[in-house]
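Chains as they are written, first to last, in our numbering: chain A, 1 to 102; chain B, 103 to 932.
Derived from the structure by calculation, the hints contain no laboratory data. Careful: at least some of the hints might be erroneous.
Computed beta-carbon distance windows for the label pairs [as the list claims (entries may be wrong)]:
1) P101(A) x L378(B): 44 to 54 angstroms
2) P101(A) x S321(B): 24 to 34 angstroms
3) V52(A) x L378(B): 25 to 35 angstroms
4) V52(A) x S321(B): 29 to 39 angstroms
5) D243(B) x A32(A): 30 to 40 angstroms
6) E215(B) x P101(A): 39 to 49 angstroms
7) V52(A) x E215(B): 27 to 37 angstroms
8) E323(B) x P101(A): 51 to 61 angstroms
9) E51(A) x A339(B): 42 to 52 angstroms
10) V52(A) x S235(B): 31 to 41 angstroms
If the Cβ cut is set under 8 angstroms, some of the chain B residues that face chain A in the computed set are [claimed, not checked]:
11) V287
12) E291
13) S295
14) E485
All C-beta atoms in this analysis are idealised placements derived from N, C-alpha and C, irrespective of residue type, glycine included.
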Amino acid sequence: MSGSQAPRDAAATLSLRLYVAGNAPNSAAALANLAKLFPGSEANGPAVAIEVVDLLHEPSRGLVDGVVVSPTLVRLAPAPVRRIVGDLSDHQAVLLALGVPP
Amino acid sequence: MTEPSRSRPAAGEGDANRRLAEAEETIRALVSGKVDAILDGTHRVPLLLREAQSALQASEERYRTIVTTAAEGIWTLDTAARTTFVNDQLAAMLGYTAEEMIGRSLYDFMDRETRAAAARYFMRRDRSTGEGSDFLLRRKDGSALWTRPATSPLLGARGEFLGTLAMVSDVTERRRAAEERARYVAVVESSESAICIKGLDGTILTWNAGAERLYGYRSSEAIGRPISMLVPPARSAELRHILGEIRAGRPIRHLETVRRCKDGTEVVVLLSISPLRDLDGRLRGAAVIATDVTELRRAEEMQRKLESRFRLLVEHSVDGIALLSPEGRFTYASPSAERILERPAGELLHRQVCDLVHPDDAPSLREAARGHAREPGSVQRLELRCRLRDGSYRWLEASSVNRLEDPIVAAVVATFRDISERRRNEEERRRDQERHAELEDQLRQSQKMEAVGRLAGGIAHDFNNLLTAILGYGEILLDQLAPDDPSRVSVQQIHKAGERAAALTRQLLAFSRRQNLTPEVLDLAEVIRGLAGLIERLIGEDVTLRVAAAPEAGRVEADRSQLEQVILNLAVNARDAMPDGGDLTFTLGNVGLDEAAVGVQAGLRPGPHVVLTVSDTGTGMDAATLERIFEPFFTTKGPGKGTGLGLSTVHGIVHQSRGSISVSSQPGRGTTFEIHLPRAAAAAEVHGAAHAPSAAGPEPAPGTETILLVEDERSVHELVREFLEASGYTVLAAENPAAAERTAESYGGRIDLLLTDIVMPGKSGRALADQLRGRRPGMRVLYMSGYSDQILAPADVDKNRHAFLAKPFVPRQLAQKIREVLAAPVQEEQ
Chain A
1 MSGSQAPRDA AATLSLRLYV AGNAPNSAAA LANLAKLFPG SEANGPAVAI
51 EVVDLLHEPS RGLVDGVVVS PTLVRLAPAP VRRIVGDLSD HQAVLLALGV
101 PP
Chain B
103 MTEPSRSRPA AGEGDANRRL AEAEETIRAL VSGKVDAILD GTHRVPLLLR
153 EAQSALQASE ERYRTIVTTA AEGIWTLDTA ARTTFVNDQL AAMLGYTAEE
203 MIGRSLYDFM DRETRAAAAR YFMRRDRSTG EGSDFLLRRK DGSALWTRPA
253 TSPLLGARGE FLGTLAMVSD VTERRRAAEE RARYVAVVES SESAICIKGL
303 DGTILTWNAG AERLYGYRSS EAIGRPISML VPPARSAELR HILGEIRAGR
353 PIRHLETVRR CKDGTEVVVL LSISPLRDLD GRLRGAAVIA TDVTELRRAE
403 EMQRKLESRF RLLVEHSVDG IALLSPEGRF TYASPSAERI LERPAGELLH
453 RQVCDLVHPD DAPSLREAAR GHAREPGSVQ RLELRCRLRD GSYRWLEASS
503 VNRLEDPIVA AVVATFRDIS ERRRNEEERR RDQERHAELE DQLRQSQKME
553 AVGRLAGGIA HDFNNLLTAI LGYGEILLDQ LAPDDPSRVS VQQIHKAGER
603 AAALTRQLLA FSRRQNLTPE VLDLAEVIRG LAGLIERLIG EDVTLRVAAA
653 PEAGRVEADR SQLEQVILNL AVNARDAMPD GGDLTFTLGN VGLDEAAVGV
703 QAGLRPGPHV VLTVSDTGTG MDAATLERIF EPFFTTKGPG KGTGLGLSTV
753 HGIVHQSRGS ISVSSQPGRG TTFEIHLPRA AAAAEVHGAA HAPSAAGPEP
803 APGTETILLV EDERSVHELV REFLEASGYT VLAAENPAAA ERTAESYGGR
853 IDLLLTDIVM PGKSGRALAD QLRGRRPGMR VLYMSGYSDQ ILAPADVDKN
903 RHAFLAKPFV PRQLAQKIRE VLAAPVQEEQ
């Protein structure tokens with residue numbers, strides 16, 4: 001984990017980062033789906049931390065996280081790092097991949 | 103190369119899998135159009151996908167840069183499967199540089215067999231995502247590279263097929279690990295042993311086919327359940343111990359125990375238990391390998407039972423069983439062998455068999471050993487005597503077989519049994535047979551002697567009548583002749599010859615046991631001592647006489663003169679057997695004879711006896727001579743030296759005295775006669791010293807009495823009548839009993855004496871006497887006979903009531919006897 005720029009929250013905290021390409025349709029869908037999956041996530045405080053990175057503005061951050069395409073959701077914590085590519089429309093698959101109990 | 107790869111957790115199998123899964127996901131997203139842009143590290147500008155596709159068409163160079171930074175190998179192919187682009191990762195996987203690969207066919211990097219599948223997989227034109235198959239590629243150095251490519255067709259703006267984009271992951275390591283795991287799984291699954299993994303709490307986690315077979319639980323039935331379901335309740339402590347050991351991280355090796363199967367049967371298993379740790383070294387559980395040894399143990403048990411059975415057979419065999427080394431030493435002795443040989447095994451082991459065998463049996467033992475050497479398969483049988491501790495010997499019947507070549511036995515196996523009893527029985531039977539034969543011999547001998555005796559007795563009877571006449575008339579004639587008559591010498595010769603003939607006849611009678619004996623109780627030792635002087639004169643100076651009489655040697659009841667004759671006859675025989683001198687020994691002793699002893703001595707009855715042994719050191723006799731020695735007229739002496747009646751006489755006298763005589767002799771070893779006579783009960787009167795021989799007494803007084811003479815033999819009749827009448831007696835003569843009865847009937851006067859023969863036609867003298875005496879109680883009786891028969895019981899010839907005169911007699915003896923009888927007081931009968 002050394003060298004990772006992911007936020008280091010408590011072990012139980014789910015830390016996610018969504019890479020998007022501007023307002024491209026898939027990226028927009030992914031953002032929308034993520035919002036559905038974790039509604040009011042910000043109000044829930046540190047339980048789920050979501051950061052959205054626009055590759056059109058910060059392409060280098062995607063390279064650091066080994067992101068090849070957008071949209072890509074990266075689970076930074078808990079370890080290990082997990083990447084999910086696509087518009088996140090299959091909510092069950094996304095939750096399974098993130099290791100979050102439905 | 104890329105930062106992200108380095109930022110990830112330590113590379114492991116799980117990591118690789120994840121990356122592969124993510125690559126596949128990326129491809130799927132790409133193919134399904136769910137991707138907006140592709141990130142290009144070089145240009146630091148995300149490539150919007152619609153732009154990228156047009157860019158591919160526009161500038162291959164630019165497209166290439168898109169993917170060179172990807173973690174996976176990226177490979178693009180044109181419609182002819184020629185390489186149009188590879189990123190550095192893919193080139194490195196295959197051991198080439200990217201430049202070397204450009205333009206080369208996809209198929210150049212794989213084996214011929216793989217190509218058809220690769221063509222279908224890589225050159226697919228539809229939009230589906232190829233996934234799931236591993237492809238074997240060849241590195242530049244020829245080594246294998248297992249890959250899992252995710253392929254996607256690259257389509258032009260109008261949907262035309264431009265080529266293939268493949269993202270390739272190296273799965274060589276994963277495959278190797280998977281293969282290794284598969285191998286382990288295969289090993290576990292194919293194992294005959296039951297293998298399972300259990301958690302620290304004893305929960306079953308894995309269950310192989312061997313476990314299914316052994317315990318009968320299917321893996322679905324076993325996994326998740328506690329291992330204790332296999333443990334019999336009685337062994338729960340053992341299970342606690344095992345779990346304790348596992349938690350302590352200690353392995354358990356070769357624990358033999360019992361486990362219970364699904365169907366309730368119990369199996370004997372050998373357990374090997376190894377604690378299992380995870381990668382961090384934490385104990386997680388244990389692998390249990392159980393081997394079913396039920397059959398093995400059962401077989402072992404069977405084997406043990408079998409062995410024990412054979413051991414019991416050996417140990418309880420009635421016959422002794424021993425193993426012998428090639429040198430004949432004991433290497434094993436069964437309990438019965440100890441019993442038979444009467445020695446503990448410890449004393450037998452390593453001991454030479456020869457040491458225990460009777461010296462006389464050693465040769466047959468050696469012969470058996472040679473037989474084993476000659477014919478290794480042969481059974482040698484022999485009977486031998488084994489020495490016991492007390493030095494005595496026991497007869498054994500032994501058989502042995504050479505099993506030295508048999509690696510299991512490696513010994514000579516000897517079995518033997520005690521046959522002492524059988525031997526004894528055989529010996530007894532043999533002795534019985536011998537004794538039986540001896541008895542038969544004796545019977546035959548005695549029958550022969552009886553027959554000869556009867557013949558001799560018959561002849562003697564007739565002779566005696568003749569001799570009575572010859573001698574009687576001879577005497578009368580001599581009385582009548584003047585002393586100087588020239589005929590006198592001739593008559594004397596006739597008379598002398600008659601007397602010799604009479605002596606001979608007496609001997610014959612003695613032999614035939616029809617002699618009239620006058621038994622009295624005698625001290626035999628006294629008799630022998632009384633005769634010693636005479637014997638010494640008989641045997642001469644060269645022969646030494648020894649007399650050994652036991653002090654209390656018993657007495658016998660016998661006729662003295664006859665006994666003297668026996669002794670003298672034996673002495674003379676002994677002298678004749680010792681022409682060059684030697685010893686003549688008389689031994690006298692007592693012996694009690696039982697049934698068994700008298701059996702072999704014909705004529706004896708059980709009871710106390712006196713034994714007189716007469717032995718010489720002379721020439722001895724052979725068996726043929728011994729056989730006939732008592733026969734009359736059998737002689738070994740030269741003509742004129744013996745009558746052949748000496749020993750016959752002895753035989754007759756001894757037997758008539760209710761005794762027995764036996765002889766033993768061997769040529770050159772001398773001869774021994776043994777005479778058994780019944781010991782006399784304490785007798786009131788013992789006669790030892792010889793009484794005065796009945797020499798010619800004074801001239802008897804002339805008679806005046808009336809005598810009834812009954813005699814069927816004419817010559818004797820005439821002689822006696824003439825003599826009696828000449829002597830002054832009134833003689834009533836009858837030639838047979840009937841005539842005598844008539845005479846007695848008709849004669850009115852007194853009859854003082856009945857003088858009668860005993861054996862006559864019609865009626866015996868005895869019966870006649872009994873009849874006549876009924877009417878004439880005062881009448882005395884004098885019997886005359888050529889032999890004293892059973893007809894006349896000895897008791898009757900007694901008390902002068904029934905007096906007896908043996909033929910032949912001379913007139914003077916008759917006169918004397920008549921006077922004696924008439925002078926005795928009359929004893930009234932009844």
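Handout entry: Structure versus earlier hints - violations, ascending order
Key = Those not satisfied are hints 1, 3, 4, 5, 7, 8, 9, 11, 12, 13, 14.
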